[in-house]
Amino acid sequence: MNKKDKGQISLEFIMILGVFLLIVLTLYPHIQRENEFNKALASAKDGAIYATSERGMGYACETCVKLPSGTIKIINMTLEDRGIDQNGRKAYRIRFYISVPSYIKDRYPSCYNSPVGMSIRRQAIRYIYRAFYGSWNPPNPLEVCTDRYNFTITCSYAE
Amino acid sequence: MRGQISLEAILTVGLAIIVFTSLVNLATERYSSAIELGEMGEAKMFGEFLAEAINSVYSNGKGFSIVLREERFNLSYLNNIGVSFEICNSNTTIYVIKNTSKIGSVTRIARVPIIPNNIIITLSNASEVTITNNGTNIMVAVGGNIIALGCRG
Chain C
1 MNKKDKGQIS
11 LEFIMILGVF
21 LLIVLTLYPH
31 IQRENEFNKA
41 LASAKDGAIY
51 ATSERGMGYA
61 CETCVKLPSG
71 TIKIINMTLE
81 DRGIDQNGRK
91 AYRIRFYISV
101 PSYIKDRYPS
111 CYNSPVGMSI
121 RRQAIRYIYR
131 AFYGSWNPPN
141 PLEVCTDRYN
151 FTITCSYAE
Chain G
1 MRGQISLEAI
11 LTVGLAIIVF
21 TSLVNLATER
31 YSSAIELGEM
41 GEAKMFGEFL
51 AEAINSVYSN
61 GKGFSIVLRE
71 ERFNLSYLNN
81 IGVSFEICNS
91 NTTIYVIKNT
101 SKIGSVTRIA
111 RVPIIPNNII
121 ITLSNASEVT
131 ITNNGTNIMV
141 AVGGNIIALG
151 CRG
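Protein chains in written order, with the numbering used here: chain C, 1 to 159; chain G, 1 to 153.
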């Protein structure tokens with residue numbers, strides 16, 4: 001190979017790279033939006049799993065209502081579109097369907113206000129906040145805002 | 001031509017690094033949660049061991065004694081993972097207290113019920129826990145302050 005030919009790349013490669021870059025740049029806002037959304041959902045799920053696991057083992061915070069240990073499981077997770085919030089962010093409510101022992105269901109008919117529900121809501125919000133802002137202490141324990149989204153958490157008992 | 005690397009290889013490695021670093025953050029968070037939950041489970045298990053031993057000593061009467069040795073009840077390990085126990089005589093409960101600083105929370109408490117309400121804690125130099133029924137009280141001799149009397153929660 002001639003010395004002048006060294007360190008060169010083919011025109012085809014430059015063209016492919018160019019097209020690839022063009023596609024990436026065009027799709028970048030969409031990718032970023034989806035990434036933000038998926039990151040929030042994954043974090044919310046992690047937080048909810050943590051909360052159900054600790055509640056299942058019978059753990060609670062110092063000031064929280066303590067419950068006996070039992071099998072608590074997340075059965076499903078759904079998203080509810082709540083339109084646009086006052087700051088122009090897309091608002092979603094993440095709903096966790098959980099299965100709890102009957103003594104919890106009987107004592108707390110509403111999952112939202114039950115100690116397990118409160119733990120799930122709190123931990124899911126904390127985990128989302130942690131994923132985006134690096135801190136475990138969200139200013140509002142009931143909702144968390146990212147650049148484009150506003151998330152609130154709720155729960156229902158699975159039948 | 002020696003010591004050279006193709007542009008394709010550089011691009012591939014670069015892309016792999018970007019993908020890898022974006023996954024690391026989520027994986028680290030999950031790892032911390034899993035570790036914390038595992039330690040909470042262990043702490044609860046140790047609480048159940050302790051409750052079981054106290055109940056056995058109580059039900060077997062005067063002079064009966066159980067020693068929870070290091071391989072069964074490792075005090076230094078429990079100390080390292082931020083676990084302590086409080087025995088509450090008035091509501092016959094052992095509170096398992098776990099510091100969960102890895103995931104930003106301060107303290108988590110679980111309850112384990114026990115039968116007796118006449119437990120006294122004494123300090124010993126041993127790295128094991130000795131539980132004795134002296135006919136009047138259940139004496140728990142422990143090295144360090146990992147088990148104390150108290151009614152938190």
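Hints are supplied without guarantee of correctness; some may be wrong.
Distance windows between CB atoms, simulated [said to hold, decoys possible]:
1) I35(G) x P141(C): 18 to 26 Å
2) F20(C) x E42(G): 48 to 56 Å
3) I17(G) x Y112(C): 23 to 31 Å
4) T92(G) x Y112(C): 52 to 60 Å
5) L11(G) x P68(C): 20 to 28 Å
6) Q4(G) x R89(C): 23 to 31 Å
7) E42(G) x S135(C): 43 to 51 Å
8) S156(C) x S32(G): 57 to 65 Å
9) I115(G) x S99(C): 28 to 36 Å
10) L123(G) x K105(C): 40 to 48 Å
11) A34(G) x L27(C): 28 to 36 Å
Derived pair list, reagent style BS3-like, types lysine-lysine, alpha-carbon separation capped at 25 Å [to be verified]:
12) K62(G) x K45(C)
13) K39(C) x K105(C)
14) K39(C) x K66(C)
15) K39(C) x K62(G)
16) K73(C) x K102(G)
17) K45(C) x K73(C)
18) K66(C) x K62(G)
Every beta carbon over 12 Å from chain G, so not counted as near; a handful from chain C, in silico [said to hold, decoys possible]:
19) V19
20) I23
21) G47
22) S53
23) L67
24) I75
25) S110
26) W136
Derived by calculation from the structure, the hints in this document are not laboratory data. Ideal Cβ placement from N, Cα and C applies to all residues, glycine included.
Hints and how they fare:
no. : hint                          : in the structure
1   : I35(G) x P141(C): 18 to 26 Å  : holds, 24 Å
2   : F20(C) x E42(G): 48 to 56 Å   : holds, 50 Å
3   : I17(G) x Y112(C): 23 to 31 Å  : violated, 43 Å
4   : T92(G) x Y112(C): 52 to 60 Å  : violated, 33 Å
5   : L11(G) x P68(C): 20 to 28 Å   : violated, 57 Å
6   : Q4(G) x R89(C): 23 to 31 Å    : violated, 49 Å
7   : E42(G) x S135(C): 43 to 51 Å  : violated, 28 Å
8   : S156(C) x S32(G): 57 to 65 Å  : violated, 29 Å
9   : I115(G) x S99(C): 28 to 36 Å  : holds, 32 Å
10  : L123(G) x K105(C): 40 to 48 Å : holds, 45 Å
11  : A34(G) x L27(C): 28 to 36 Å   : holds, 34 Å
12  : K62(G) x K45(C)               : violated, 52 Å
13  : K39(C) x K105(C)              : violated, 31 Å
14  : K39(C) x K66(C)               : violated, 31 Å
15  : K39(C) x K62(G)               : violated, 60 Å
16  : K73(C) x K102(G)              : holds, 23 Å
17  : K45(C) x K73(C)               : holds, 12 Å
18  : K66(C) x K62(G)               : violated, 34 Å
19  : V19                           : holds, 14 Å
20  : I23                           : holds, 14 Å
21  : G47                           : violated, 9 Å
22  : S53                           : violated, 5 Å
23  : L67                           : violated, 9 Å
24  : I75                           : holds, 19 Å
25  : S110                          : holds, 24 Å
26  : W136                          : violated, 3 Å
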